[in-house]
Amino acid sequence: MANKIVVTSGKGGVGKTTVVANLGIALCDLGLRVALIDVDFGLNNLDVVLGVENKVVYDILDVFEGRCRIKQALIQCGEHKNLFVLPSGSAKGNNIISGQNLSVILENLSPLFDYILIDCPAGIDVGFHRAVCCADSALVVATPNLTSLRDADKVISILKSYRMQKISLIINRARGDLITGQKMMNPLDVQALLKTQLVGVLPEEDAVFLSVGNKLPKKCESKKAYKILASNLHIGNKKIFDVTCKYNGIFGSIRRGLKNKI
Amino acid sequence: MKKGNRELVRIQSVLENDRLSAGDNFFELLMGDLEKILQEFFEYSDAPTLSIDKCGDGYKVNFSITASRLRSFGCLPK
Numbered sequence: 162m163a164n165k166i167v168v169t170s171g172k173g174g175v176g177k178t179t180v181v182a183n184l185g186i187a188l189c190d191l192g193l194r195v196a197l198i199d200v201d202f203g204l205n206n207l208d209v210v211l212g213v214e215n216k217v218v219y220d221i222l223d224v225f226e227g228r229c230r231i232k233q234a235l236i237q238c239g240e241h242k243n244l245f246v247l248p249s250g251s252a253k254g255n256n257i258i259s260g261q262n263l264s265v266i267l268e269n270l271s272p273l274f275d276y277i278l279i280d281c282p283a284g285i286d287v288g289f290h291r292a293v294c295c296a297d298s299a300l301v302v303a304t305p306n307l308t309s310l311r312d313a314d315k316v317i318s319i320l321k322s323y324r325m326q327k328i329s330l331i332i333n334r335a336r337g338d339l340i341t342g343q344k345m346m347n348p349l350d351v352q353a354l355l356k357t358q359l360v361g362v363l364p365e366e367d368a369v370f371l372s373v374g375n376k377l378p379k380k381c382e383s384k385k386a387y388k389i390l391a392s393n394l395h396i397g398n399k400k401i402f403d404v405t406c407k408y409n410g411i412f413g414s415i416r417r418g419l420k421n422k423i
Numbered sequence: 018m019k020k021g022n023r024e025l026v027r028i029q030s031v032l033e034n035d036r037l038s039a040g041d042n043f044f045e046l047l048m049g050d051l052e053k054i055l056q057e058f059f060e061y062s063d064a065p066t067l068s069i070d071k072c073g074d075g076y077k078v079n080f081s082i083t084a085s086r087l088r089s090f091g092c093l094p095k
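For the protein sequence lines, the chains are A and B, in the order given.
The opening position of the first sequence corresponds to residue 162 in this note's numbering, with each subsequent residue numbered one higher.
The opening position of the second sequence corresponds to residue 18 in this note's numbering, with each subsequent residue numbered one higher.
For the record, the hints were derived by calculation from the structure and aren't laboratory data.
The C-beta atom is built at its ideal place from N, Cα and C for all residues, glycine as well.
One should not assume that every hint holds.
Stated by the list, open to error - Cut-off 25 Å, straight-line C-alpha distance, at most; resulting in silico cross-link-like pairs (DSS-like, lysine-lysine): (1) B/K20 / A/K356; (2) A/K315 / A/K327; (3) A/K420 / A/K399; (4) A/K321 / A/K399; (5) A/K315 / B/K77; (6) A/K216 / A/K253; (7) B/K53 / A/K356; (8) B/K53 / A/K315; (9) A/K172 / B/K77; (10) A/K385 / A/K420; (11) A/K384 / A/K407; (12) A/K407 / A/K380; (13) A/K407 / B/K19; (14) B/K19 / A/K356; (15) A/K216 / A/K232; (16) A/K327 / A/K242; (17) A/K420 / B/K71; (18) B/K71 / A/K400; (19) A/K242 / A/K385; (20) A/K356 / A/K321; (21) B/K77 / A/K321; (22) A/K376 / A/K407; (23) B/K19 / A/K420; (24) A/K344 / B/K71; (25) B/K20 / A/K344; (26) A/K407 / B/K71; (27) A/K356 / B/K71; (28) B/K71 / A/K321.
Said to hold, decoys possible - Residues from chain A shown here face chain B by an in silico Cβ test under 10 Å; the list is partial: (29) L222; (30) D223; (31) E226; (32) G227; (33) L310; (34) K315; (35) I319; (36) K321; (37) S322; (38) I340; (39) N347; (40) V351.
Please build the complete structure, drawing on both the sequences and the hints.
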């Protein structure tokens, strides 16, 4: 049976959908079967991030209303044979699909996959609760700034009331140069502050911004960070990607100085 | 103090305040529930008092009543 993980944040724009897509690819690279479920009705972008928007024929609402079978709505993601996405459609789904309905759909998918990643909408409204009630565990994505962390803390307190197996934290858009210069909060301090286990630190990188609809370049730092995150989740490793390593030492300080000037 | 550290101190105080502030009807609901249970076990006339204070990482909750007598009742053995 699949491990159902909801990826949430509270605050919008922190990179939930990007994390779902790239984490899905990283898990798939480990040889696992992964389904990505977009439950952000009306503001759905998972298909675009994965570059499969032209392949969408049916969505989750069509599955629920019986116009197609689940397997017909699943879209295989390019060269990743074991990675599938179930897209969501119009905002109409918000009023039609309940948490129980979604649970039934996911239960049907569960025997076919090792992991089901649920892309949760921003906020803590109905859409959030619908996504969260179907999951076994949660990944809270936050960026190292005040507004995002405040929202993440509220979301974590709500998630605790769902008695999830595990609630973990991902720090996205961490800047190694700023952390080394103590201008940005250290992810380990954030972990202590939110009292939630940190499973991944993802660097802020142009490659991520430019890769929407394409895969991440093999040599970029984010690719490595997602690989570490995937093995932390699957194998239970506790390794955290070090975003500051490039900015330590003499060459690091030169690199930092140059980045600050730019 | 560097900006990163300043932000950390700031978010610490924001979260502390957020975690401390209860909902509008929190105290009313809590007192109502506690009284409902205690009335079955004690006889008391004074209004109970409740205080919640920050204590380390958590909170110290003090609830006190002055009871005039304990209600006696029989119960079935388990």
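Results for each hint:
{"no.": "1", "hint": "B/K20 / A/K356", "in the structure": "holds (22 Å)"}
{"no.": "2", "hint": "A/K315 / A/K327", "in the structure": "holds (16 Å)"}
{"no.": "3", "hint": "A/K420 / A/K399", "in the structure": "violated (30 Å)"}
{"no.": "4", "hint": "A/K321 / A/K399", "in the structure": "holds (22 Å)"}
{"no.": "5", "hint": "A/K315 / B/K77", "in the structure": "holds (21 Å)"}
{"no.": "6", "hint": "A/K216 / A/K253", "in the structure": "holds (21 Å)"}
{"no.": "7", "hint": "B/K53 / A/K356", "in the structure": "violated (34 Å)"}
{"no.": "8", "hint": "B/K53 / A/K315", "in the structure": "violated (30 Å)"}
{"no.": "9", "hint": "A/K172 / B/K77", "in the structure": "violated (31 Å)"}
{"no.": "10", "hint": "A/K385 / A/K420", "in the structure": "holds (21 Å)"}
{"no.": "11", "hint": "A/K384 / A/K407", "in the structure": "holds (16 Å)"}
{"no.": "12", "hint": "A/K407 / A/K380", "in the structure": "holds (14 Å)"}
{"no.": "13", "hint": "A/K407 / B/K19", "in the structure": "holds (21 Å)"}
{"no.": "14", "hint": "B/K19 / A/K356", "in the structure": "holds (23 Å)"}
{"no.": "15", "hint": "A/K216 / A/K232", "in the structure": "holds (14 Å)"}
{"no.": "16", "hint": "A/K327 / A/K242", "in the structure": "violated (28 Å)"}
{"no.": "17", "hint": "A/K420 / B/K71", "in the structure": "violated (43 Å)"}
{"no.": "18", "hint": "B/K71 / A/K400", "in the structure": "violated (34 Å)"}
{"no.": "19", "hint": "A/K242 / A/K385", "in the structure": "holds (21 Å)"}
{"no.": "20", "hint": "A/K356 / A/K321", "in the structure": "holds (12 Å)"}
{"no.": "21", "hint": "B/K77 / A/K321", "in the structure": "holds (21 Å)"}
{"no.": "22", "hint": "A/K376 / A/K407", "in the structure": "holds (23 Å)"}
{"no.": "23", "hint": "B/K19 / A/K420", "in the structure": "holds (18 Å)"}
{"no.": "24", "hint": "A/K344 / B/K71", "in the structure": "violated (30 Å)"}
{"no.": "25", "hint": "B/K20 / A/K344", "in the structure": "holds (5 Å)"}
{"no.": "26", "hint": "A/K407 / B/K71", "in the structure": "violated (41 Å)"}
{"no.": "27", "hint": "A/K356 / B/K71", "in the structure": "holds (17 Å)"}
{"no.": "28", "hint": "B/K71 / A/K321", "in the structure": "holds (21 Å)"}
{"no.": "29", "hint": "L222", "in the structure": "violated (35 Å)"}
{"no.": "30", "hint": "D223", "in the structure": "violated (40 Å)"}
{"no.": "31", "hint": "E226", "in the structure": "violated (38 Å)"}
{"no.": "32", "hint": "G227", "in the structure": "violated (41 Å)"}
{"no.": "33", "hint": "L310", "in the structure": "holds (5 Å)"}
{"no.": "34", "hint": "K315", "in the structure": "holds (7 Å)"}
{"no.": "35", "hint": "I319", "in the structure": "violated (13 Å)"}
{"no.": "36", "hint": "K321", "in the structure": "violated (12 Å)"}
{"no.": "37", "hint": "S322", "in the structure": "violated (13 Å)"}
{"no.": "38", "hint": "I340", "in the structure": "holds (7 Å)"}
{"no.": "39", "hint": "N347", "in the structure": "holds (7 Å)"}
{"no.": "40", "hint": "V351", "in the structure": "holds (8 Å)"}
Taken one by one, the earlier hints fail for this structure at numbers 3, 7, 8, 9, 16, 17, 18, 24, 26, 29, 30, 31, 32, 35, 36, 37, listed in ascending order.
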